[in-house]
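There are 2 protein chains.
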Amino acid sequence: MPRAIFPAPDHDHERCAHAAIAHAEAHCAARAQRLTPIRRHVLEALLASHSPLGAYEIIERLADKSGRPAPITVYRALEFLRDNGLVHRIESRNAFVACVHNHSGDDLVVFLICERCGTVGEGPAGAVAEALKASSRAAGFSPKSPLIEIVGVCSHCRQR
Amino acid sequence: MPRAIFPAPDHDHERCAHAAIAHAEAHCAARAQRLTPIRRHVLEALLASHSPLGAYEIIERLADKSGRPAPITVYRALEFLRDNGLVHRIESRNAFVACVHNHSGDDLVVFLICERCGTVGEGPAGAVAEALKASSRAAGFSPKSPLIEIVGVCSHCRQR
DNA sequence: GGTCTTCTTGCTGCAGTGCAACATAAAAGC
DNA sequence: GCTTTTATGTTGCACTGCAGCAAGAAGACC
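Going down the list, the protein sequences come from chains A and L. The first sequence begins at 1 in this note's numbering and counts up by one. The second sequence begins at 1 in this note's numbering and counts up by one.
Note that these hints are calculated values from the structure, not bench results. The beta-carbon is built from N, C-alpha and C at its ideal position, and this holds for glycine as well. Errors might be hidden in some of the hints.
[Said to hold, decoys possible] A partial selection of chain A residues facing chain L, derived with a Cβ cut-off under 8 Å:
#1 His18
#2 Ala20
#3 Ile21
#4 His23
#5 Tyr56
#6 Ile59
#7 Leu62
#8 Phe80
#9 Gly121
#10 Gly123
#11 Val128
#12 Ser135
#13 Ser136
#14 Pro146
#15 Cys154
Construct all of the structure, not just a fragment, from the sequences and the given hints.
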């Protein structure tokens with residue numbers, strides 16, 4: 001697992017979010033997928049922070065823009081974004097975060113969830129993934145999509 | 001991760017379940033905790049298989065015994081059982097499984113979820129856990145309770 | 001342009017999840 | 001017995017997530 005998984009609270013988030021949007025546009029264009037206004041709005045809402053948002057929180061934040069969307073609308077947008085690897089679901093919280101790492105779809109990702117500030121860091125877990133796959137295969141199990149979520153305290157919160 | 005994580009479909013489940021109940025009784029007695037009828041019923045419902053059950057499925061299965069319990073009743077029993085390490089929650093499914101490994105509370109556990117038969121295998125993940133902790137600490141993160149759930153195909157289902 | 005197909009969104013409704021707040025009953029401690 | 005703690009029952013509600021159908025928008029093709 002590499003260095004700067006965890007976004008510093010004072011990082012240039014403006015740029016960070018714009019880069020993610022740009023990446024999403026490019027990604028969708030390349031696949032002939034449509035990044036419609038609703039989908040973009042949902043992604044933007046998630047990109048407003050690195051904390052996971054519940055579906056109904058997203059609805060809340062979109063309520064201003066173009067009228068309050070129905071839950072199903074947001075869920076469909078989320079489904080699209082997840083299918084395209086632009087958004088991840090944090091299972092242990094029933095919530096979603098924007099992906100800012102443009103990793104390839106199949107990579108195992110580890111989510112580090114700070115219990116204080118709520119920020120979610122995301123990083124590849126190469127060695128861990130391999131160990132995990134190897135040992136689960138040893139148990140006769142064919143792993144498909146490992147899910148790893150760790151709750152703890154991030155470096156920035158610990159310094160206080 | 002060790003050998004027989006995954007319960008064979010033809011294992012002596014009767015004995016398996018009884019052992020778990022006996023362990024639960026001993027465990028509660030040792031801690032002066034009360035394994036009340038409701039709690040026991042919930043545990044028994046979960047022990048009826050190695051597949052996770054949703055809270056409302058549990059309600060369904062308890063409906064006969066002593067009248068249909070209210071959701072909150074089941075949730076409270078589940079909370080008790082989880083606090084005592086007798087039941088685990090499968091986050092990715094919003095469901096619960098009985099623990100049959102009487103491991104100590106803090107051990108990292110890996111859940112192997114078979115997408116065909118639904119059985120959940122559970123095993124300690126010593127090496128993986130250490131790798132995970134080490135590398136997340138390297139990212140400045142103080143991990144508390146890693147959660148690992150892997151969907152795949154179990155050895156018994158693959159043989160078909 | 002017109003038509004057809006496909007994709008997206010809107011709408012209604014509903015089942016499952018999870019718990020707060022308060023009232024009551026049961027067990028444990030003295 | 002009485003008090004305190006602990007467990008259960010009841011009501012109610014907010015959140016999660018999606019099915020099924022209808023309407024609209026975008027692309028493809030002639």
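Now for the hints, and whether the structure bears them out:
Given hint, His18(A) at the interface with chain L, is violated; its Cβ is 25 Å from that chain's nearest Cβ, farther than 8 Å. Proximity of Ala20(A) to chain L is violated relative to the hint, the smallest CB-CB distance being about 20 Å (cut-off 8 Å). At its closest, the beta carbon of Ile21(A) sits 26 Å from a beta carbon of chain L; the interface hint therefore is violated under the 8 Å criterion. For His23(A), the interface hint is violated, the least distance from its beta-carbon to any beta-carbon of chain L being 22 Å, above 8 Å.
The beta carbon of Tyr56(A) is not positioned within 8 Å of any beta carbon in chain L (closest approach about 16 Å), and the interface hint is therefore violated. The beta carbon of Ile59(A) comes no nearer than 20 Å to any beta carbon in chain L, farther than 8 Å, and the hint placing it at the interface is violated. For Leu62(A), the suggested interface contact is broken, since its CB lies about 25 Å from the closest CB of chain L, more than 8 Å. With 8 Å as the threshold, the beta carbon of Phe80(A) stays out of range of chain L, its nearest partner Cβ sitting at about 20 Å, so the hint is violated.
Taken as an interface hint, Gly121(A) checks out: its beta carbon lies about 7 Å from the nearest beta carbon of chain L, inside 8 Å. With its C-beta approaching chain L no nearer than about 7 Å, Gly123(A) sits inside the 8 Å limit, and its interface hint holds. A cut of 8 Å between beta carbons decides the hint on Val128(A): the least distance to chain L is about 5 Å, and the hint holds. For Ser135(A), the suggested interface contact is upheld, since its CB lies about 4 Å from the closest CB of chain L, less than 8 Å.
Annotation: Ser136(A) was flagged as interfacial toward chain L, and the flag holds, the nearest CB pair being 6 Å apart, inside 8 Å. The beta carbon of Pro146(A) is positioned within 8 Å of a beta carbon in chain L (closest approach about 5 Å), and the interface hint is therefore held. At about 6 Å, the closest approach between the beta carbon of Cys154(A) and any beta carbon in chain L falls short of 8 Å, and the interface hint on this residue holds.
Taken one by one, the earlier hints fail for this structure at numbers 1, 2, 3, 4, 5, 6, 7 and 8, listed in ascending order.
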